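Novice: With the hints as a guide, dock the two chains, each given alone in a separate frame, to form the complex.
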Amino acid sequence: GAVVSQHPSWVICKSGTSVKIECRSLDFQATTMFWYRQFPKQSLMLMATSNEGSKATYEQGVEKDKFLINHASLTLSTLTVTSAHPEDSSFYICSASPLSGSANEQFFGPGTRLTVL
Amino acid sequence: KQEVTQIPAALSVPEGENLVLNCSFTDSAIYNLQWFRQDPGKGLTSLLLIQSSQREQTSGRLNASLDKSSGRSTLYIAASQPGDSATYLCALLIQGAQKLVFGQGTRLTINP
Numbered sequence: 002g003a004v005v006s007q008h009p010s011w012v013i014c015k016s017g018t019s020v021k022i023e024c025r026s027l028d029f030q031a032t033t034m035f036w037y038r039q040f041p042k043q044s045l046m047l048m049a050t051s052n053e054g055s056k057a058t059y060e061q062g063v064e065k066d067k068f069l070i071n072h073a074s075l076t077l078s079t080l081t082v083t084s085a086h087p088e089d090s091s092f093y094i095c096s097a098s099p100l101s102g103s104a105n106e107q108f109f110g111p112g113t114r115l116t117v118l
Numbered sequence: 011k012q013e014v015t016q017i018p019a020a021l022s023v024p025e026g027e028n029l030v031l032n033c034s035f036t037d038s039a040i041y042n043l044q045w046f047r048q049d050p051g052k053g054l055t056s057l058l059l060i061q062s063s064q065r066e067q068t069s070g071r072l073n074a075s076l077d078k079s080s081g082r083s084t085l086y087i088a089a090s091q092p093g094d095s096a097t098y099l100c101a102l103l104i105q106g107a108q109k110l111v112f113g114q115g116t117r118l119t120i121n122p
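In order, the protein sequences belong to chains Y and W.
So the numbering used here is basically just the index in the first sequence, starting at one, shifted up by 1.
So the numbering used here is basically just the index in the second sequence, starting at one, shifted up by 10.
Isolated chain W, as found in the complex (with noise of 0.2 Å):
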């Protein structure tokens, strides 16, 4: 059974610094992996979506990037800035499947 990971489960930081949130699943066999953003009471929003035969994308200030060998997806956000306070998600398409297994999430706050 996959299990999707993500540490650490909040993060508080000034405004203007890089930071990166992790995300780890247990099993290579995926389709694809998606970031998302969920602002409090709101859907989901799509930040980038990584194929399996990928190793990154970028959109704008965020990067994203995966190793399926090692089980692991980073998301790099550059310059950071308080309308990034979001939760982050990260999710996976499994293989042969259409079901999209999601971590808990990382709550991210940035300090003006």
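This is chain Y alone, in the form it adopts within the complex (with noise of 0.2 Å):
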């Protein structure tokens, strides 16, 4: 149980292009998804919070309208770059908080690497 599914799991696209990166929880229901990023070798930055029906809330320092991020349901969130630029070259990941149980565990999803030329 508790599996969370990414797609794509790689993207390549052009400079000045919008790309949409979806999480899904499969097997549980999810008030709150989150959205991470990770750049070669270092550790996992969160960039968004996202409640389902309600607007993201963004860590300092993360463009809210640059990464625009949907929670239209329980079980799937969005994330759109958009006008990609290759710094935004990087390693994707989103978790899920299940609706129930206590432990505030959060599952995490594959990843989503995308590549900006």
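Simulated from the structure, these hints should not be mistaken for laboratory data.
Nothing here was measured: the structure is a model prediction, and the numbers come from that model.
Calculated lysine to any residue pairs in the SDA-like style (CA-CA distance at most 25 Å, straight line):
{"#": "1", "chain 1": "W", "residue 1": "K52", "chain 2": "Y", "residue 2": "T81"}
{"#": "2", "chain 1": "W", "residue 1": "K52", "chain 2": "Y", "residue 2": "H86"}
{"#": "3", "chain 1": "W", "residue 1": "K11", "chain 2": "W", "residue 2": "Q105"}
{"#": "4", "chain 1": "Y", "residue 1": "K21", "chain 2": "W", "residue 2": "K52"}
{"#": "5", "chain 1": "W", "residue 1": "K52", "chain 2": "Y", "residue 2": "T76"}
{"#": "6", "chain 1": "W", "residue 1": "K109", "chain 2": "Y", "residue 2": "N71"}
{"#": "7", "chain 1": "W", "residue 1": "K109", "chain 2": "Y", "residue 2": "T76"}
{"#": "8", "chain 1": "Y", "residue 1": "K21", "chain 2": "Y", "residue 2": "V4"}
{"#": "9", "chain 1": "W", "residue 1": "K78", "chain 2": "W", "residue 2": "R47"}
{"#": "10", "chain 1": "W", "residue 1": "K109", "chain 2": "Y", "residue 2": "T33"}
{"#": "11", "chain 1": "W", "residue 1": "K11", "chain 2": "W", "residue 2": "T84"}
Derived list of chain Y stretches under chain W, where covered just means 3 residues or more per stretch with a C-beta under 8 Å from a C-beta of chain W:
{"#": "12", "region": "36-47"}
{"#": "13", "region": "109-118"}
Quick reminder that beta carbons are idealized off the backbone N, C-alpha and C, glycines included.
Specialist: The following block contains the structure:
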């Protein structure tokens, strides 16, 4: 149980285009999903917290107009990187926190490798 | 601001050895602490989760301890195997928030 998927697993795009990444909780409902970014040989940095039906909360230094987050249902959150540039190339990982349960545990997706040319 | 430090940054040991990975944090007001494993280019696999009221958790050859007063956690791996080679990350869930704060990770290599 507690499986989180991401699509696509990797994407290459041209500079200036927009890319959408999906995060789905497959066997549980999640009121809260999280988006992280990981640069090579570095740890995960939280970008934003996404709550179903409300606006996402962005961490300091993350441009909300560039990284659009939509959490339309209890099993799906999307991250859209708008007008992507090479410096946006990174590994993007989402996680989801189950609606039920007391551990406040987050379950992570397999990640999406974004390369902007 | 919570800061999480993992030492060492990299570790290489021969197969069969027992080893300890360290994680230290600056603020003891945590909700829980998790240890994750990350293989190259892959997502995170949760290994162990310790609630703030707990002292340790065990799963197979893995044992994680938590000492909030000293701001430390250790991950003990017994009888290491080449398949244990990966980056190990510790992360804290901050009290009053849902944010996970990650350490930089320890890159572990087990040599056959």
